[in-house]
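From just these sequences and the hints, can you work out the full model?
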Amino acid sequence: MPGAIYAEGLVKTFGDVRALDGVDLDVPEGTVLGLLGPNGAGKTTAVRCLTTLLTPDSGKAVVAGIDVLKHPNEVRRSIGLSGQFAAVDEYLTGRENLQMVGQLYQMKAKAAKVRAAELLDRFHLTDAADRPSKTYSGGMRRRLDLAAALVVSPPVMFMDEPTTGLDPRNRLQLWEVIQELVAGGTTLLLTTQYLEEADHLAHDICVIDHGRVIARGTSDQLKAQTGGERVEVVVHEREHITTAAEVLAGFGKGEATVEQHTRKLTVPVSGGAKLLAEVIRELDVRGIEIDDIGLRRPTLDDVFISLTGHVAEEKVDENGAAAAAAQPRKRKKEAGK
Amino acid sequence: MSAVTQTPTRPLTPRPAGGPAQSARDSLVVAKRNLIRMSRIPEMVIFGLIQPIMFVVLFSYVFGGSMNIGGTTDSGVYREFLMAGIFAQTVTFATAGAGAGIADDMHKGLIDRFRSLPMARGAVLTGRTLADLVQTALTLLVLAIVALLVGWRIHEGIPKALGAFGLLLLLGYAFTWIGALIGLSVRTPEAATSGGLIWLFPVTFISNAFVDSSQMTPWLRHIADWNPFSATVQACRELFGNPGVSHSGAWPMQHSVWASLLWSVLIIVVFRTLSVRKYRNATA
Numbered sequence: 001m002p003g004a005i006y007a008e009g010l011v012k013t014f015g016d017v018r019a020l021d022g023v024d025l026d027v028p029e030g031t032v033l034g035l036l037g038p039n040g041a042g043k044t045t046a047v048r049c050l051t052t053l054l055t056p057d058s059g060k061a062v063v064a065g066i067d068v069l070k071h072p073n074e075v076r077r078s079i080g081l082s083g084q085f086a087a088v089d090e091y092l093t094g095r096e097n098l099q100m101v102g103q104l105y106q107m108k109a110k111a112a113k114v115r116a117a118e119l120l121d122r123f124h125l126t127d128a129a130d131r132p133s134k135t136y137s138g139g140m141r142r143r144l145d146l147a148a149a150l151v152v153s154p155p156v157m158f159m160d161e162p163t164t165g166l167d168p169r170n171r172l173q174l175w176e177v178i179q180e181l182v183a184g185g186t187t188l189l190l191t192t193q194y195l196e197e198a199d200h201l202a203h204d205i206c207v208i209d210h211g212r213v214i215a216r217g218t219s220d221q222l223k224a225q226t227g228g229e230r231v232e233v234v235v236h237e238r239e240h241i242t243t244a245a246e247v248l249a250g251f252g253k254g255e256a257t258v259e260q261h262t263r264k265l266t267v268p269v270s271g272g273a274k275l276l277a278e279v280i281r282e283l284d285v286r287g288i289e290i291d292d293i294g295l296r297r298p299t300l301d302d303v304f305i306s307l308t309g310h311v312a313e314e315k316v317d318e319n320g321a322a323a324a325a326a327q328p329r330k331r332k333k334e335a336g337k
Numbered sequence: 001m002s003a004v005t006q007t008p009t010r011p012l013t014p015r016p017a018g019g020p021a022q023s024a025r026d027s028l029v030v031a032k033r034n035l036i037r038m039s040r041i042p043e044m045v046i047f048g049l050i051q052p053i054m055f056v057v058l059f060s061y062v063f064g065g066s067m068n069i070g071g072t073t074d075s076g077v078y079r080e081f082l083m084a085g086i087f088a089q090t091v092t093f094a095t096a097g098a099g100a101g102i103a104d105d106m107h108k109g110l111i112d113r114f115r116s117l118p119m120a121r122g123a124v125l126t127g128r129t130l131a132d133l134v135q136t137a138l139t140l141l142v143l144a145i146v147a148l149l150v151g152w153r154i155h156e157g158i159p160k161a162l163g164a165f166g167l168l169l170l171l172g173y174a175f176t177w178i179g180a181l182i183g184l185s186v187r188t189p190e191a192a193t194s195g196g197l198i199w200l201f202p203v204t205f206i207s208n209a210f211v212d213s214s215q216m217t218p219w220l221r222h223i224a225d226w227n228p229f230s231a232t233v234q235a236c237r238e239l240f241g242n243p244g245v246s247h248s249g250a251w252p253m254q255h256s257v258w259a260s261l262l263w264s265v266l267i268i269v270v271f272r273t274l275s276v277r278k279y280r281n282a283t284a
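Residue numbers (the numbering used here), protein chains in the order written: chain A, 1 to 337; chain B, 1 to 284.
These are computed hints drawn from the structure, not numbers from a lab. Here the structure is a predicted model, which is why all the values come from computation and not from measurement. Backbone N, C-alpha and C fix where the C-beta goes; we use that ideal spot for every residue, glycine too. Check each hint, because a few of them may be wrong.
[Said to hold, decoys possible] Once the Cα atoms are required to be at most 25 Å apart in a straight line, the calculated BS3-like pairs of lysine-lysine come out as:
#1 A/Lys-60 <-> B/Lys-278
#2 A/Lys-253 <-> A/Lys-264
#3 B/Lys-278 <-> A/Lys-113
#4 A/Lys-108 <-> B/Lys-32
#5 B/Lys-108 <-> A/Lys-134
#6 A/Lys-274 <-> A/Lys-253
#7 A/Lys-110 <-> B/Lys-32
#8 B/Lys-278 <-> A/Lys-70
#9 A/Lys-274 <-> A/Lys-264
#10 B/Lys-32 <-> B/Lys-278
#11 B/Lys-32 <-> A/Lys-134
#12 A/Lys-274 <-> A/Lys-223
[As the list claims (entries may be wrong)] Restraint-style ranges between C-beta atoms, simulated for each label pair:
#13 B/Leu-28 <-> A/Asp-301: 47 to 55 Å
#14 B/Lys-278 <-> A/Asp-121: 37 to 45 Å
#15 A/Thr-13 <-> B/Gln-51: 41 to 49 Å
#16 B/Asn-281 <-> A/Gly-184: 45 to 53 Å
#17 A/Ala-109 <-> B/Asn-68: 53 to 61 Å
#18 B/Ala-24 <-> A/Lys-70: 54 to 62 Å
#19 A/Pro-28 <-> B/Asn-281: 49 to 57 Å
#20 A/Asp-121 <-> B/Ser-39: 23 to 31 Å
#21 A/Lys-70 <-> B/Leu-28: 50 to 58 Å
#22 B/Leu-35 <-> A/Ser-306: 49 to 57 Å
#23 B/Ala-21 <-> A/Gly-65: 56 to 64 Å
#24 B/Arg-280 <-> A/His-200: 54 to 62 Å
#25 A/Ala-109 <-> B/Lys-278: 44 to 52 Å
#26 A/Lys-70 <-> B/Leu-35: 30 to 38 Å
In structure tokens form, the structure reads like this:
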């Protein structure tokens, strides 16, 4: 029996861009699927197809046991969507926003009012409930947006990059809410660019790039697939980087990757703590001073790099300059962003 | 945030789905939302009022003395002639507001939110156009008072005058559906504002609104006579008993009330259909 969210061979093209190129998903009831990928990978398009906002060119989608293409309005009764941009009316108060959404979920006016008060209380927004949401901080707006998605306690939730742009404190708060939701039995599909987030929240992870699922499994499975441990060294002097790279290559199973500006070198190894001791001795013999050295398991970042050949997060700017540099293939901005 | 996630405290009691009743209910919920918004941005309403008042003053005092209406260049006559044109122009300018509002909702992701809810498909747009209708009515009321102050009068009795205001509101409502389609078709609220305005200038000027169209060159006069906008202006002049009623033989000028009604209903049917279809597939 298919899960609470099920997709088979979803294809969506915009002009000559294949935003989704045959995506299969299966999320068992009560679990979280992390849909991971860089900007423009097709994450938002996938969410839009599953939430009835876009009609896929081909493929099949079933959400909460209902065929998305055949009965979109029934699907809408069973889902909550929290988008990348907090979609609340900024001139309406928090309370008015939630009441409106409740009524549009076809609740009676009175029931919508009671439910709004309840959610405001639970999301610590009661003090600000009667202020226009324009005056809210980013974190408060995000909480209000999430509250709006939870008005009818839908069995299936979609969150499109719920923590993008939030400060660490608000991010942690939102993570807590999400964990509670799932503990309560909600099925959740979460898209994110943050590997840490997927690692923390998701039971299963789908890595998506160029509209295709390129890997899937639990966080541990993906890491295991990428290979074993790595030795990470931060050298004290910049001119020692080249020598250190030679040393590491001698111990490692492959080339050392170098981050020039942080003077950090990483190499995949097998041999554990004993090998680490040997590396330290050898560096010492060569007279290379080190600031930090350690043995670590691969992160999802390593997984992503080994799968796609580029990093998942863009650190330079939001306008795609970094994305363009990091991603060799040209693609149009995904519709719906 | 302990109890956020517990199962709902009461089961959702869905009301009977679909049908015109749900459509009306959802539209009213959205209309209420837009009216609350307007009340929180009073400067928008105020600018909407200043503009037509400015037109009244500019046209009547700058053009007033040099316009020949029904064989006289008396500026008092022109002011009475002008008002039906200004009323009609004012209601059509609601187009731009509707377009900008809908484009803004798309831009901010609100349309996505609405489209993911189990609500009637046309309700977001109908609610918006209904709220604009309320604003248009308010603007007309203030404008009518200003018009009375500059010498405009009703000569055919209150019922006919109310009929004229009814035709004006219907025309304004029809034009907000054109605005809705523009708002759904452009990428930014700014584009919707300018895109919603520019085409209104030829529509309102190639008409009988500000000048006597019988003095235009023949081809332009034909356009003016068949312009949906002209029909409403002509109907208003007849119903208010204002000077400068066109004696053109064109059908819409001879049967202006019917022509005004038919044009408005036709615009609503066509543009509502197109807009709702566009909304179903809207992507920001």
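(request) Could you say whether the range 54 to 62 Å given as a hint is met by the Cβ separation of B/Arg-280 and A/His-200? (result) Cβ of B/Arg-280 to Cβ of A/His-200: about 37 Å, so the range 54 to 62 Å is violated.
(message) Against the range 37 to 45 Å, how does the distance between the Cβ atoms of B/Lys-278 and A/Asp-121 compare: consistent or not?
(response) holds (39 Å)
(message) 49 to 57 Å was suggested as the range; check whether the CB atoms of A/Pro-28 and B/Asn-281 agree with it.
(response) violated (32 Å)
(request) Hint says 41 to 49 Å; check whether the CB-CB distance for A/Thr-13 and B/Gln-51 agrees. (result) Given range 41 to 49 Å: holds, Cβ gap about 45 Å.
(request) Given the hint of 54 to 62 Å, check if B/Ala-24 and A/Lys-70 actually sit that far apart at their C-beta atoms. (result) violated (26 Å)
(message) Hint check: A/Lys-108 vs B/Lys-32, CA-CA at most 25 Å. Holds or violated?
(response) holds (15 Å)
(message) Need the status of pair A/Lys-253, A/Lys-264: alpha-carbon distance at most 25 Å?
(response) holds (18 Å)
(request) Starting from A/Lys-60, check that the Cα of B/Lys-278 is at most 25 Å away, please. (result) holds (24 Å)
(message) Holds or violated: B/Lys-32 and B/Lys-278, Cα atoms, limit 25 Å.
(response) Satisfied, since the Cα-Cα distance of roughly 23 Å is no more than 25 Å.
(message) Does A/Lys-113 sit within 25 Å of B/Lys-278, going by the straight-line distance between their CA atoms?
(response) violated (32 Å)
(request) Given the hint that A/Lys-274 pairs with A/Lys-264, test it: the Cα-Cα distance must not exceed 25 Å. (result) Holds. A/Lys-274 to A/Lys-264 sits at ~21 Å (cutoff 25 Å).
(message) Is 53 to 61 Å respected by the C-beta to C-beta distance linking A/Ala-109 and B/Asn-68?
(response) Distance hint for A/Ala-109, B/Asn-68 holds at roughly 58 Å.
Checked against the numbered hints given earlier, the structure breaks hints 3, 16, 18, 19, 21, 23, 24, 25 and satisfies all the rest.
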